[in-house]
Amino acid sequence: MQDAVLADRIQFAFTVMFHYLFPIGTMGLAPFIAWYTVKGVRTGDEEALRTARFWAKIFTINFAVGAVTGIPMEFQFGTNWAAFSTQAGSVVGQTLMMESVFAFFLESIFLGVFLYGRAYVSPAFYAFSAIAVWLGSWMSGFFIVATNSWMQHPVGYALNPDGRIALRSIGAVLLSPFAWWQYTHVMTAAVLTGGFVVAGVGAYYLLARRDLDFGRRFVRAGVIVGLCASLIVVFPTGDGNGKDISNYQPAKLAAMEGLYRSQRRAPLSIIGMPDVQHNRLIDAVEIPAMLSFLAYGNFQANVKGIDEYPTDQRPPIDLTYYAYHVMLGLGTIFIAIMALAVLLLILRRLYESRWLLWIVMLATPFPYIANEAGWTVTEVGRQPWIIYGLTRTVEGASPTVVSGETIFTIIGFIGMYFVLGSLFLLLVLREIAIGPEHEEALAAGPEAV
Amino acid sequence: MNAAAFVLIAAMIAGYVILDGYDLGLGAIHLLYARTDRERSASLAAIGPFWNGNEVMLISAAATLFALFPKAYAASFSGFYLPFIIVLWLLMVRGMSIELRGHFESDLWRGFWDVGFSISSALLALLFGVAIGNIIRGVPLDSSGYFTGTFSFLLNGYALAVGVFALLALAMHGAAFAWMRTDGVIADRAQRITRLLPFAVFVLFAIVTAMTLFIHPAARNPALWLAPILAFVALVGVLLARNGAAALVASSLMLLALVTSAATTLFPSLLPSYPSGAGLDIYNAAPNAYSLNNAFFVAAIGFGAVLVYGTLAMRRMLARRIGTS
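First to last, the protein sequences are chains E and S.
Residue 541 is where the first sequence ends in our numbering, and the numbering goes up by one at each step.
Residue 548 is where the second sequence ends in our numbering, and the numbering goes up by one at each step.
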C-alpha cells in the first residue's frame, strides 16, 4: 500500500510539475497579447499587432502542450486518487467542473477565433477574442488554485458519518481568503515570468543586433511589467499568503523556515542547512526576531517550531526548507535585476548596456524555477495531509491500483514528456529565431501551408 | 434531480461524440481521401479551429461526471486504470500530430505526423466504443463499487463489436464533415467514402443490436426500440444526402439517437455490475443534495453560455470552405 502511494505521488508530482511549466507561459503572456492587440486595433499600430501575433505563436505552442499535459491531471484524480475523489468529490468535483465549463471553452474557442479568424471577424471582435483568451486562462488558474486552497485550508463543508465530505457552501469555497491570497500570488508569479520571457527575448534580439525595434519594445514592456510583478509577488500577495500559512498551517511554516524549536522573537534564517538527523539548522545566518514579525506582525510573537508536532504530522523538512529558500532567494534577485533595468531605462541607457541585457536574457529560465519551487513548498509542506488536518495522503490513493501499474505509467509519461519537452523547445526557439519581423499573416499551424 | 443529472451527463457525452466524433473520424480516414501534402494540409485545416474546443467537451464531460457522481468517476477511472492512461497517451500523440505537422516543410516530418494522426484517431474511436460496450454489458465490481476484473476482461466480444461499430460510425461522420468543409478532389473522395460507409455501419449496427438484445434483458422492452429505429432512419438519410452538410446533419442525428439508445438502456444505472449485483447508479454514486443541485445548475448555466458564444464564434469560421489551391 505504501509503495503504491509513493508511486502515485511521484507520478502526480512529475506530471504536474511538467504540466505547470506551460500554464505559466499562457497565463503570463496572455495579458501582453491582449494589451498589444487592443492597442493595435484602437490605434491602427501595425507593429503592435505584429507583436501580439508573434507572442500569440509562442502562446499557442504553450497552450497546446499545456492542454495535452493538463488532461492527465484531471484524469489522475480518478485514476490514482479514487479514495480522495470519492471522499471529497462534492467539493473538488465542483471546482474542477467549473474550470472546464467556464474557462476551458472560453480559452480554446476564442483562441481558435484569434488564430484563424482574423480574416472573417471584425477588428473589435478580434480584439475581444484576445481578451477572452486572457480571461479564460486566468479563470482556469483561479479554479485550480481554489481547488488546491480548499485542500490546504478546507472550508464550507460538513463531514458525514460515513467519512465522506458534503459541500455546504460553494460561496465559502470560492471566496475563501486563503484562496484569494494564493491566487493573486500565483498569478503575479505568472506575470513576472511573462515579463522575464518578453524582456529576455527582446534582450536576445538587441544582443544579436536584429529585429531592433521589436527588441526594444519587448525589453521595455518586459522590464516594466517584470519590476511591478516582482514587487507585488512579495508584497502584498506573498506576505498575505505567508500570514495564512502562519495561521492555518503552522507546521508548514516551521518547515519552511527550518525552525526546530518554538520560540518568542523567532529569527528568520537567510542561509543554513537543515540537519534532519539532529533536528537543527547548521551554518545558519539569521535575522533575530524577524520571523515573529513577518508571520504575526509582532517581534515578540511566539512561533511554533517543528518540535511542537508529533513525527507523524511533520512535513518533509529539508525539501520544504530548500524549496522555500530557492523561491525567496530568486525573488530577491528578480527585484534587483528588474529595478536596475528600469533605472537604466529611465536614464535612457538600457538598450546600450549589453552587460545587463546579457543578465536579462540569461535570467529567463529562473522565474520558472521559482514558480516550481513555490508550488513545492505548498504541496510538500502540506504533507502528510491530502486535505489539511482531515485526510492523510496515504488514505486518498486508489485502492485497486497497484504500484507496478503506476510505475509502468510513470515510465510512459517520462518518455512521452521527454519527446514533448524537446519538441516544445525546438518550436519555441524556432519561432524566436524567425522573429517578429518575418512573421507571416497567419500563425503557424495546420493552416499555414 | 439525480435523473436530471443523468440526462445532463448523457447530453454532454452525446455532444462530445457528435463534435469530437467528426474530427476523430476524419483523422481515422484522412489518409484515404487526402493523398498529397497539399490535400492533407487542407484536410487538417478543415478541423484546425475546432478540434481543440471539441476535445474540451471530453474533459468537461469527465469533470461533470466527477462533480455530479464522484463515486462513479472515482471507481471507473481507477478501475480502468490502464485503458484510461492509454487514452491519455493517444490524445497526446493526436494533439501533437495536428499541431506539429505544419511547422516544418519536410516530407518525412509531415508523413510521420499524418500517420500518427490517423492511428491515434482510429484507436481512440475504437477504445471509446469498447468503453461504451463494457458499460452497457457491466463489469465485475466489489461491494464498494471498485472494478475487480482484468484488462483482458474488457476486451470481450461484445465490447469489441461496439468498438468497431463506433470506429465505422465516426469514420462516416468524419467523411461527411470533410465533404462539407472542403472542395475539389478531396471533397469528391470524401463524398464517395460517405456514400460507401453506411453499408458497413449498417452491418455492425445489426450485429451490435442483436448482441445487445441477447446479453441485456432490459433492452427487450419495445419502448427502448424507438431510438435505434430513429438511428436507422438517420443512417438512411446519410446515404441519400445530396450535400456534405445534409450528410453531416444526418450522421449527427444518428449518433445522437445511438447515445440516447445507450443511455435509456442503462438508466438509472451508471456502471452495472457483471454478471449480476447492484453496481453504481444515479443514487448511490451521487454526492449530498446541495452539492448535486449546485453542480447541476452551474453546469447547465455554463453550457448554456458556451452554446451561445460557441455558436456565434464558430458560425463565422464555418462559412468558408477549405480548398487545395
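Hints may be right or wrong, so weigh each one.
[As the list claims (entries may be wrong)] Below, a sample of chain E positions facing chain S; criterion: calculated Cβ distance under 10 Å:
#1 V160
#2 Q369
#3 E497
[What the hints assert, rightly or not] For each label pair, taking beta carbons as the anchor points, the in silico distance ranges come out as:
#4 S:A446 x E:I102: 49 to 57 Å
#5 S:A528 x E:H530: 50 to 58 Å
#6 S:P445 x E:Y212: 17 to 25 Å
#7 S:S375 x E:I102: 21 to 29 Å
#8 S:T371 x E:P215: 42 to 50 Å
#9 S:Y506 x E:V368: 24 to 32 Å
Since the hints were derived computationally from the structure, they do not count as laboratory data.
Idealized CB from N, CA, C, for every residue including glycine.
Contradicted hints - numbers only:
2, 5, 6, 8, 9
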